Amino acid sequence: MARVVVDVMLKPEILDPQGQAVQRALPRLGFDGIADVRQGKRFELEVEGPVDDAALARIHEMAETFLANTVIEDFVVKVEEK
Amino acid sequence: MTSRIGVVTFPGTLDDQDALRAVRVAGAEPVPLWHRDKDLHQVDAVVLAGGFSYGDYLRAGAISRFSPVMETLIEQARAGMPVLGICNGFQILTEAHLLPGAMLRNNHLHFVCRDQKLRVENARTAWTSDYAPGQEISVPLKNMDGRYTADERTLDELEAEGRVAFRYLDGNPNGSLRDIAGITNAAGNVVGLMPHPEHAVEPLIGTGRTDGLGFFTSIIKKLVNA
Numbered sequence: 001m002a003r004v005v006v007d008v009m010l011k012p013e014i015l016d017p018q019g020q021a022v023q024r025a026l027p028r029l030g031f032d033g034i035a036d037v038r039q040g041k042r043f044e045l046e047v048e049g050p051v052d053d054a055a056l057a058r059i060h061e062m063a064e065t066f067l068a069n070t071v072i073e074d075f076v077v078k079v080e081e082k
Numbered sequence: 001m002t003s004r005i006g007v008v009t010f011p012g013t014l015d016d017q018d019a020l021r022a023v024r025v026a027g028a029e030p031v032p033l034w035h036r037d038k039d040l041h042q043v044d045a046v047v048l049a050g051g052f053s054y055g056d057y058l059r060a061g062a063i064s065r066f067s068p069v070m071e072t073l074i075e076q077a078r079a080g081m082p083v084l085g086i087c088n089g090f091q092i093l094t095e096a097h098l099l100p101g102a103m104l105r106n107n108h109l110h111f112v113c114r115d116q117k118l119r120v121e122n123a124r125t126a127w128t129s130d131y132a133p134g135q136e137i138s139v140p141l142k143n144m145d146g147r148y149t150a151d152e153r154t155l156d157e158l159e160a161e162g163r164v165a166f167r168y169l170d171g172n173p174n175g176s177l178r179d180i181a182g183i184t185n186a187a188g189n190v191v192g193l194m195p196h197p198e199h200a201v202e203p204l205i206g207t208g209r210t211d212g213l214g215f216f217t218s219i220i221k222k223l224v225n226a
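One line per chain: the protein sequences are H and F, in this order. Take the first sequence: its letter number 35 is residue 35 in this note's numbering, and every next letter is one higher. Take the second sequence: its letter number 62 is residue 62 in this note's numbering, and every next letter is one higher.
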């Protein structure tokens, strides 16, 4: 079975307080040199059948209507080779 | 004839009972609606109540937005049926694109629970006509994802068309852009807000004020005069 990964990130102009909280915690834990952190979501889809153009088009549609809210988020669809 | 106002229960809805009660206190017939039932049972208006439908999984309101009841509701709302979304209900309305923008995690990352002062900016909607324009009210606010966001063009459009229905007063509780607490669609039949008018309809409980009752008396007047 092929795996398709959908990464969803807040758009760059949207404030991400969760990412900021993580970034602020880093120096306290001894991890220096990280200027910025943005937190997102990763969906791993196990696809039945071939991952052809039609299947990718459906996944793209799925991401656009459901997995991401395109008012605030961008997404990237990637096929993961095994 | 008594107006029939429906209140939808999704798995994880918390404030449906208070919303049904508020409808009754205001003088209409409350009608419980179930998320898996497409039928709106001849209601004249619908309230989407607050809570954590589907545990806020994926995004607040993102899964509820696709439930069977929403199919009919979206169609009817576009045809002019009045719909009020409170808190999670507001999030569902933005996810369904019946209202523009989106809701994000509060900017300080804390859950907020307090009495919140608001200004009614638009008293011409189906749900606000019993208020005076600019009237200040106080109702409970309780949420984690209350930060209203939209792009600058949408915000300017909302302002220009008088569609910012409510604004936070005495401090912005969640980082909402332009202190927006609630908005309306262009027709004024679909209204969403984060604070909870249904928790402020009787003097005995809550704030001891009945500032939220106007939402429900507004819609009843609108339906009776229709």
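You may find that some hints are simply not true.
[Said to hold, decoys possible] Derived, one-sided and incomplete: chain H residues facing chain F with beta-carbon distance under 7 Å:
1. Pro17
2. Thr70
3. Ile72
4. Val76
[Claimed, not checked] Within a straight-line C-alpha distance of at most 30 Å, the following computed DSBU-like cross-link-like pairs (lysine-lysine) qualify:
5. Lys41/H <-> Lys11/H
6. Lys11/H <-> Lys38/F
7. Lys222/F <-> Lys38/F
8. Lys38/F <-> Lys117/F
9. Lys142/F <-> Lys41/H
10. Lys221/F <-> Lys38/F
[Said to hold, decoys possible] Each pair of labels, with its calculated beta carbon distance range:
11. Glu75/F <-> Glu44/H: 56 to 66 Å
12. Glu44/H <-> Val112/F: 46 to 56 Å
13. Lys221/F <-> Pro50/H: 35 to 45 Å
14. Val47/H <-> Ala226/F: 29 to 39 Å
Keep in mind the hints are simulated off the structure, nothing from the lab. This structure is a prediction, so every number in the text was calculated from the model and none was measured. Every residue, glycine too, gets a C-beta built ideally from N, C-alpha and C.
Hint-by-hint comparison with the structure:
1. Pro17: Since the shortest Cβ distance to chain F is 5 Å, the answer is holds.
2. Thr70: At about 9 Å, which exceeds the 7 Å cut-off, the nearest Cβ of chain F leaves the hint on threonine 70/H violated.
3. Ile72: Holds - the Cβ of isoleucine 72/H comes within 7 Å of chain F, reaching about 4 Å at its closest.
4. Val76: 17 Å, violated
5. Lys41/H <-> Lys11/H: 12 Å, holds
6. Lys11/H <-> Lys38/F: Violated: lysine 11/H and lysine 38/F sit about 34 Å apart, past 30 Å.
7. Lys222/F <-> Lys38/F: 25 Å, holds
8. Lys38/F <-> Lys117/F: 36 Å, violated
9. Lys142/F <-> Lys41/H: 25 Å, holds
10. Lys221/F <-> Lys38/F: Measuring from Cα to Cα gives roughly 27 Å; hence the hint holds.
11. Glu75/F <-> Glu44/H: 56 to 66 Å: Check failed, 34 Å falls outside 56 to 66 Å.
12. Glu44/H <-> Val112/F: 46 to 56 Å: At roughly 34 Å between Cβ atoms, valine 112/F and glutamate 44/H fall outside 46 to 56 Å, so the hint is violated.
13. Lys221/F <-> Pro50/H: 35 to 45 Å: 59 Å, violated
14. Val47/H <-> Ala226/F: 29 to 39 Å: For valine 47/H and alanine 226/F the Cβ distance comes to about 50 Å; the hint is violated.
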